[in-house]
Amino acid sequence: MKRTFLIPSIVLILFGFLVLTSCGGSSTGPGNGGNGNNEAPAAPSNLDGTSGDQEVVLTWDANSEDDLAGYHLYRSTSNISSISGMDPVNGSNLIQNANFTDTDLENGTTYYYRLTAVDENNNESSTSSQLEITPFSDPPDRPS
Amino acid sequence: MNPEVTQQARPQGLQDGITYVDDNTVRLSLFAPNKEFVYVIGDFTNWEIDPNYFMNKEEVNADSSYFWIEFDIPDPNKEYGFQYFVDGEIRVADPYSEKILDPFNDQYISSETYPNLNPYPEGKTDKIVGVLQPGKQDYNWQHNNYDRPDKENLVVYELLVRDFVANHDFKTVTDSLDYLQQLGVNAIELMPIMEFDANSSWGYNPTFHLATDKYYGPAEDLKRLIDEAHSRGMAVILDMVLNHAWGPSPLARLWNDGDYGKPTAQNPYLNREPKHDFNVGYDFNHESQATKYFVDRVNRFWLEEFNFDGFRFDLSKGFTQNNTLGNVGAWGQYDASRVQILKRMADKIWATDDSAYVILEHFAENQEEQELSNYGMMTWGNMHHSYKQASMGYQSESNFSGIYHENRSWNNAHLVGYMESHDEQRIMYENLNFGNSNSSGSYDITELNTALNRIKLSSAFFFTVPGPKMLWQFGELGYEVDINQSGRTGEKPIRWEYYQDENRKKLYDTYKALIRLRNSHEAFTSETSNVTMDVNGTTKRITISHPNLEVSIAGNFGVTDTEMQPQFTQSGDWYDFFSGDTLSVNNTDTTIAMSAGEFHIYTTQKFQAPTEDLLRFVPTQINLDISQSFDAASSPQDYRLIALPGQTVEPLVDVLNGDPSVDWQAYWDNGQQENYWVKYDGSSTFNMNSGNGFWVTSKEDFTYDQTVPTVELNENNQASIPLHDGWNIISNPLHTDVAWSQVSAANGGNLQPLWRFDGSYSEAADFISARSGEAFYFLNDQGLNELLIPYEETSSKNKTEAKQNEVQLITQKDGEKTSSSSLTFVDSEEPPADVVAPPSRFEGTSLRFAADNNKQKSSRTSSLAHVFRNQNKEEHRLEVILLATPKEPVSISAKGWDNNPGIQMALLNTESGRKYDLSNENEITIIPDKEKTSMLLVIGDTRYINEQQEELLPKEISINPNYPNPFNPSTTLRFSLPEQTEVQVQVFNVLGQRVSTLINNETRQAGVHTVTFDGSQRASGLYFAVFEIGNQRFIQKMTLIK
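So the sequence lines, in the order shown, correspond to chains A and B. The numbering of the first sequence is the working numbering, which starts it at 1 and goes up by one. The numbering of the second sequence is the working numbering, which starts it at 1 and goes up by one.
Bear in mind the hints are in silico, worked out from the structure with no lab data behind them. Quick caveat: nothing in here was measured; it's all calculated off a predicted structure. By construction, the Cβ of each residue, glycine as well, lies at the ideal position given by its N, Cα and C atoms. Just so you know, not all the hints are guaranteed correct.
[Stated by the list, open to error] To give an idea of the chain B side of the interface with chain A (calculated C-beta under 7 Å), a few residues: (1) Ala-633; (2) Val-662; (3) Thr-697.
[As the list claims (entries may be wrong)] Not close to chain B: a few residues of chain A, all C-beta gaps over 10 Å, as computed: (4) Glu-39; (5) Ser-51; (6) Arg-75; (7) Ser-78; (8) Ile-80; (9) Gly-85; (10) Asn-93; (11) Phe-100; (12) Thr-127; (13) Ile-133; (14) Pro-140.
Just need the whole structure built from these sequences, with the hints factored in.
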């Protein structure tokens, strides 16, 4: 499911003034999707994760599109062959930074993640490679 | 001018040398062909030439003339020095002197060694002088009826007095006979003690063949040594040197060049040029009548005067006039003339003593040795090289089958086989310097204990072979000093302290056990045994068949573990001599696993095993079959402490199945106070090394079924693992378990306890080998850099149980030990501080002592794993807490209690008052009805325990309402009995129909009991539980609502 999100202020923070002055509202820019552009962003790359206690910390390489709006993260306890029909973990709020901490997970359960990038025109990229990761509890305390 | 020589025949029967006619009369006779005239000079002439001491001459023929004289001695109890002054040129002592005074050497002999030694007549004469004393007291022999061992039974201990006892005297050797007797040898062979040139010597440079060398003390002391040896059943054999004589010998000096030069052609005893290349000194001409006479006199003297039991003849191959100079090979070839010379000599010896040993250091062609053996002589069988190769772990040239006479086609067991004599490099030296090792270095023969164990291995293939055997002094203690230290024949350090060394003593005890075994059955000595030796390969076997004993000796002489067939000659029970174990052999082709250096002596009769573990076969590799599961890997309780034993460097990622963070997670503890968890990061921190361990949880099992090399042990048989300060995850890299108390003792004795985790912590009595895959927690609060782990071959469990005054309360669930708490009785009013148990939230099933809340401040220390009580109190009452899953049976036992007779130990349930007897290591089973059950551990006599129970027991029969109520589907009923009573509990429905019998007239102990009614098969409604207890009846109403 694809949704439209408006994210002006966060984009400012994320991409800084250079982005704001050079391409704010503009549709130009070689190779990059822009407003009114139907071209989807590139699929995010290098999705990686750190297993924690009931949580997984995910990181990836930030996309470089000028009109990038954010990311959708999809999670399943089985292999994700397609995100069709899946709700993103982040719900309606696009993930702005190139990292995400997924909490309240069940320890010992293996989770599968895929990530997409979304631009301001609501174009969603194809999915990243899949990350397979399991949160584990911390070990027991020392004996005393 | 000299008086004219009186030609006069000697008195009838006068023999050469000194003859005491009576206490005041002496006759001297000197065989001196080609000499003109001889004076006797001595203390009685004030060393002047005196015509009264001019000797008569009897010229038998041109090359056989004797000078002789008879004269009186003023004081028969005094020693008189004397010499022959020959042809006005040569001052020489009598060659048959039994005592001499030496102008150069005597001054270095202390009065401790030789008390009251007369000084040399300095300034009055020169060269060695002889001593005569007509009134000399005869030695009073105590043990005249000594029956010496048969040849085939001999175990000979060769010794050099100088290097055996620091006092280098016979007296101290005599004091050491107990040591040799304990070892079990039945003969000692003294390296030459006949007067030899200089003081410090091996003795193969004889000068006076009938005199006892004074550097070893008075001749009387030698007689007492022999007498004492005989009283212990030990024969004494003399190493006799008759291939040659040394320059100062009168036999040389009477006819030689200069003072000490070569014999002249006129010399009737000695060849001017030796006849063989190995000669030293001046070579005897054994075909000359003079030499034959001398040889026979010498041999007879030592047999008759000293009661020696026989001789070992040095360099007997040199007893020939067959000239082989320049051709050593020819020297060794069959020499009929030599055989004749030796047979003649032996006949003479046996004419004096028909069972005297005649042992030859011969090393000639087998045909010749065979003939000598057939004649009744024995020969030395030098198997040093092959035993050395085998001992060092090299297969090449390690075939020592020549130790057995039949393998040389001899009819008789006349081969005195040996691995070492005085002449060989010590095998221990070879082991320590040139021994083999396996590729990992975990088995290394150059390490002392392994080197010692290799000697045990070789000796098991030595003492057990029928026929006489010999060992060189201190071989039984692993003496390893280089034979060339201080020169080949130079003095060697004497190391009696080796006997105090635990590991060397084990070699001594192994020799002792083997000699005892050998003496226990004639299969190990007799010529009638049928012996097969398969000793060419890396694994070696000897089988011995005797009409009533079968023996199979199997050994792995390699440096890696292997399997081999001992080749049992029959099926049935075989006994392993050293372990005492019985091996039931169904198939004679049975294969057994053998660690490097391992050996076994199997027999079909049981012989008493050594009382101590003398052998230590440390495997060089450990075959692992580890499998550890982690349940759902979903909680801290699903972590396990894992490890690998041996010498491993395995990245965790290679060991565990699946991928990190996907299939498993791992942590290391860095020991710090905070931030001590190091999460798996793929670094070398997460290599599984010897002694370390990790917290791991995994969705897949941890499995490891490879073979790893064992760790190296230090000289004290300990492994060492690194530690950091604070908490450590450690593992036992050995392949054997060891009691933690042993580990503690090896590291100063005050170690904190060892903790095991299996979903909960328990104090571990044993440091289980990591071959289980397990690691442990340990708090290093003493700043240790390493932990020493003693290698104990025997089961550590026995040791734990044998520990005095400590009781271990052990809980078990489904046969698995879940906790252990210790109660130690100490002889002190102020026992040590109690040991806090792990926090209960991690505990599974456990039984812990309740802490005294007055003493313990925090709730964290509310339970104790180890408490101490004063052993002088007779009664003890301790609160304990059982934590367990309700409704599941828990077994409890008290280990180590059986050594307190008359005193009982029991657990009392404080709520029900029920008693569980833990005496005699009873294992009791409790099915708790809640997670935490309070109990009392009571110790005392029966009266005390009953009093404690009565305080807790119900005062009258009562029924508690069921709980829960209403219920679905089951409910629990509780009833109390003040004494043992018969009980029936039935359940009826509202129609009065009986729907269930919960207890059918069964006897129940005093206390509180529970019973459960399961209504899952019943309809909703009212039910009545009817109790009939003794002659009372109770009814409880219960409501089932579905």
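- Message: Minimum C-beta separation from A/Asn-93 to chain B exceeding 10 Å: can you confirm that?
- Response: The claim stands: A/Asn-93 keeps its Cβ more than 10 Å from every Cβ of chain B (closest is about 26 Å).
- Can B/Val-662 be said to touch chain A, with a Cβ gap under 7 Å? holds (5 Å)
- For A/Pro-140, which was marked as not at the interface, is the minimum beta-carbon distance to chain B over 10 Å? violated (4 Å)
- Query: Taking C-beta pairs only, is A/Ser-78 more than 10 Å away from all of chain B?
  - Reply: The claim stands: A/Ser-78 keeps its Cβ more than 10 Å from every Cβ of chain B (closest is about 14 Å).
- Minimum beta-carbon distance criterion (7 Å), B/Ala-633 to chain A: This interface hint holds because 4 Å falls under the 7 Å limit.
- Query: Regarding the hint that B/Thr-697 lies at the interface with chain A, is the smallest CB-CB distance below 7 Å?
  - Reply: Holds: closest Cβ of chain A sits about 6 Å from B/Thr-697, inside 7 Å.
- Message: So A/Glu-39 supposedly isn't at the interface. Is its beta-carbon more than 10 Å from every beta-carbon in chain B?
- Response: Non-interface label stands for A/Glu-39: nearest chain B Cβ at 34 Å, farther than 10 Å.
- Would you check whether the claim that A/Phe-100 is not at the interface survives, using Cβ distances to chain B and the 10 Å cut-off? holds (16 Å)
- Taking the minimum C-beta separation from A/Ile-133 to chain B, is that value above 10 Å? With a cut-off of 10 Å, A/Ile-133 comes too close to chain B, as the shortest Cβ separation is near 5 Å.
- Message: Just want to verify: A/Gly-85 was marked as not at the interface with chain B; is every Cβ pair farther apart than 10 Å?
- Response: Per Cβ check, A/Gly-85 is outside 10 Å of chain B; nearest 25 Å; holds.
- Task: Taking the shortest Cβ-to-Cβ distance between A/Ser-51 and chain B, state whether it exceeds 10 Å.
- Result: Violated, because the least Cβ-Cβ distance between A/Ser-51 and chain B comes to about 4 Å, which does not exceed 10 Å.
- Item | Minimum Cβ distance from A/Thr-127 to chain B greater than 10 Å, as the annotation requires | holds (19 Å)
Taken one by one, the earlier hints fail for this structure at numbers 5, 13 and 14, listed in ascending order.
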